[in-house]
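**Q** So you can see what is in the structure, the chains are spelled out below.
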Amino acid sequence: MSRTRGIPRLLVSIATTLAIATTTVVAVGTPAQAVDVPAYGVITITNKGTGFVPPTWTYDPAFWACNTTVEGQFNLPTAITVKCRASESMSFNCPRMILTVHTEGLASRAGGRAACTYSYLDTGIISGVNTAQLTGDLGRALWVECTAYSDTPLIPPYTVTCNEPGLPTL
Amino acid sequence: MRRPTALVVALLSGASVIVALPVARAAPPRPAGWVITRTGRGPAVLTGTFTGNANSSTATAVLFALSGRGKARKLANAFTSAWITWGADGSPHVYGADSPCVAACTNPLDGTTEFGFSSNGHRLDAAVYIATWDVKDVTINLTSPGWRKRPWTPSMRTVSTEHAGDAGVRASRTSVGTFTGAEAPGGRYGSVAWGALPCADYGSGSARFSGGVREWPLDCGYNPREWESNARATRWRLSGDATGVDHVVNVLVVVDYPAG
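Going line by line, the protein sequences match chains X and Z.
Here the first sequence is numbered in this note's numbering, starting from 1 and rising by one per residue.
Here the second sequence is numbered in this note's numbering, starting from 171 and rising by one per residue.
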């Protein structure tokens, strides 16, 4: 698929997912506590089809510990998860989490999920030249998790970002 | 998030008649490892790649960095810890039984495999440890200057679904069954462990992952994986009940800190 054909589809996808974003936050436990500090930071999981790129994160390692889990057949993983946990003495939340999944090729296939301990956003799996974006208040964050996944192996090129926007971090 | 295939549903139905083994036990040791250290003084950014292929369905690799000494040692958070797990092979197995291969018993996991590791742009003042279990053809390339690698034989343990007192089957890179808990000891100088409740693809249940500095609740749909460390001797436990489907076979991986 050419880039030109992909753009209208991309815009439709963005518009659609933004429209339903506020209804797709899934709460699974204790509701948010208002006293926490936003967990400003970005986790990026990307594969441009040129080899496995280490996922990146912008959280301050003084307060956060991050772990990457790669599952499935190694060169064709079915799930890549970056989980960053806050130190015990800190208390964060995710008031404006933005989850974006971008697939960039005809055969690309990936889904994205952003979670903050008690709630999550999930775009589902998209394919082709496509973008899906969700935004929501995910409440309290003892940890922040960003996952690229698929029901088949993840097919590059794709990028999944989980962004809690705000002040820059180290 | 992910749903089982028709084959997996069929396997799950069949799994209900399997009797659980009461005692968890670790698989025989097949470890290998490497230590990455600074060649000069002071911290430096680290980047590199790890390649390797699974020698069996229980193959796994973990990467972590340690700073400090003795009981003050702790995971260096500037380095992104990592756990790589290949999942079940294509041969059906029944937990607790030496079942003959129904499908081809050849290992379907061969292929070029690569993982990039890094200190995420941070200057790292720590030693990085790479421990593998039943992984072959390992190559480690350091792509940032000022670091060197040397072989290391890790002391590590893995507990897989079929050795964790579970009932069920695994096939086609998926395990299906009932999880009843797993445990393994940590080393005298400390250890780091990864726990996985084997129902991330589909299922229900919960567990607690203990033995580390902090204890973590796990559940099938939302938080099925955790990791933790402990600078002292401990016993790692994944205690709970869950029934479901997962593409992960190892439910507990423990790597001991080396002396120092």
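By construction, these hints were calculated from the structure, which means they are not laboratory data.
Virtual Cβ for every residue (Gly too), placed ideally from N, Cα, C.
Certain hints may be false.
To give an idea of the interface, some chain X residues facing chain Z are shown, with a C-beta separation under 7 angstroms as derived from the structure [as the list claims (entries may be wrong)]:
hint, residue
1, A65
2, P95
3, D137
Once the Cα atoms are required to be at most 20 angstroms apart in a straight line, the calculated SDA-like pairs of lysine to any residue come out as [claimed, not checked]:
hint, chain 1, residue 1, chain 2, residue 2
4, X, K48, Z, D426
5, Z, K319, Z, D295
6, Z, K244, X, E88
7, X, K48, Z, G286
8, Z, K244, Z, W204
9, Z, K241, X, S87
10, Z, K241, Z, P428
11, Z, K319, Z, K241
12, Z, K241, Z, R384
13, Z, K244, X, D60
14, Z, K244, X, A86
15, Z, K244, Z, V383
16, Z, K306, Z, G286
17, Z, K306, Z, V205
18, X, K48, X, I155
19, Z, K244, X, W143
20, Z, K244, X, S89
21, Z, K244, Z, S374
22, Z, K244, Z, D295
23, Z, K244, Z, D426
24, Z, K319, Z, G391
25, Z, K244, X, S87
26, X, K48, Z, S380
27, Z, K244, X, P61
28, Z, K306, Z, K319
29, X, K48, Z, V205
30, Z, K319, Z, V205
31, Z, K241, Z, R402
32, Z, K306, Z, T219
33, Z, K244, X, I155
34, Z, K244, X, P165
35, X, K48, Z, P428
36, Z, K306, X, S89
37, Z, K244, Z, G410
38, X, K48, X, P95
39, Z, K306, Z, S380
40, Z, K306, Z, E284
**Q** Hints first: check each against the structure and report whether it holds.
**A** Outcome of the hint check:
| no. | hint | result |
| --- | --- | --- |
| 1 | A65 | 4 angstroms, holds |
| 2 | P95 | 20 angstroms, violated |
| 3 | D137 | 17 angstroms, violated |
| 4 | X:K48 <-> Z:D426 | 35 angstroms, violated |
| 5 | Z:K319 <-> Z:D295 | 15 angstroms, holds |
| 6 | Z:K244 <-> X:E88 | 14 angstroms, holds |
| 7 | X:K48 <-> Z:G286 | 13 angstroms, holds |
| 8 | Z:K244 <-> Z:W204 | 18 angstroms, holds |
| 9 | Z:K241 <-> X:S87 | 19 angstroms, holds |
| 10 | Z:K241 <-> Z:P428 | 12 angstroms, holds |
| 11 | Z:K319 <-> Z:K241 | 24 angstroms, violated |
| 12 | Z:K241 <-> Z:R384 | 16 angstroms, holds |
| 13 | Z:K244 <-> X:D60 | 16 angstroms, holds |
| 14 | Z:K244 <-> X:A86 | 15 angstroms, holds |
| 15 | Z:K244 <-> Z:V383 | 10 angstroms, holds |
| 16 | Z:K306 <-> Z:G286 | 17 angstroms, holds |
| 17 | Z:K306 <-> Z:V205 | 17 angstroms, holds |
| 18 | X:K48 <-> X:I155 | 10 angstroms, holds |
| 19 | Z:K244 <-> X:W143 | 19 angstroms, holds |
| 20 | Z:K244 <-> X:S89 | 16 angstroms, holds |
| 21 | Z:K244 <-> Z:S374 | 33 angstroms, violated |
| 22 | Z:K244 <-> Z:D295 | 12 angstroms, holds |
| 23 | Z:K244 <-> Z:D426 | 12 angstroms, holds |
| 24 | Z:K319 <-> Z:G391 | 38 angstroms, violated |
| 25 | Z:K244 <-> X:S87 | 13 angstroms, holds |
| 26 | X:K48 <-> Z:S380 | 38 angstroms, violated |
| 27 | Z:K244 <-> X:P61 | 13 angstroms, holds |
| 28 | Z:K306 <-> Z:K319 | 18 angstroms, holds |
| 29 | X:K48 <-> Z:V205 | 29 angstroms, violated |
| 30 | Z:K319 <-> Z:V205 | 6 angstroms, holds |
| 31 | Z:K241 <-> Z:R402 | 7 angstroms, holds |
| 32 | Z:K306 <-> Z:T219 | 15 angstroms, holds |
| 33 | Z:K244 <-> X:I155 | 36 angstroms, violated |
| 34 | Z:K244 <-> X:P165 | 30 angstroms, violated |
| 35 | X:K48 <-> Z:P428 | 37 angstroms, violated |
| 36 | Z:K306 <-> X:S89 | 41 angstroms, violated |
| 37 | Z:K244 <-> Z:G410 | 28 angstroms, violated |
| 38 | X:K48 <-> X:P95 | 30 angstroms, violated |
| 39 | Z:K306 <-> Z:S380 | 31 angstroms, violated |
| 40 | Z:K306 <-> Z:E284 | 13 angstroms, holds |
In this structure, the hints that do not hold are numbers 2, 3, 4, 11, 21, 24, 26, 29, 33, 34, 35, 36, 37, 38 and 39, in rising order.
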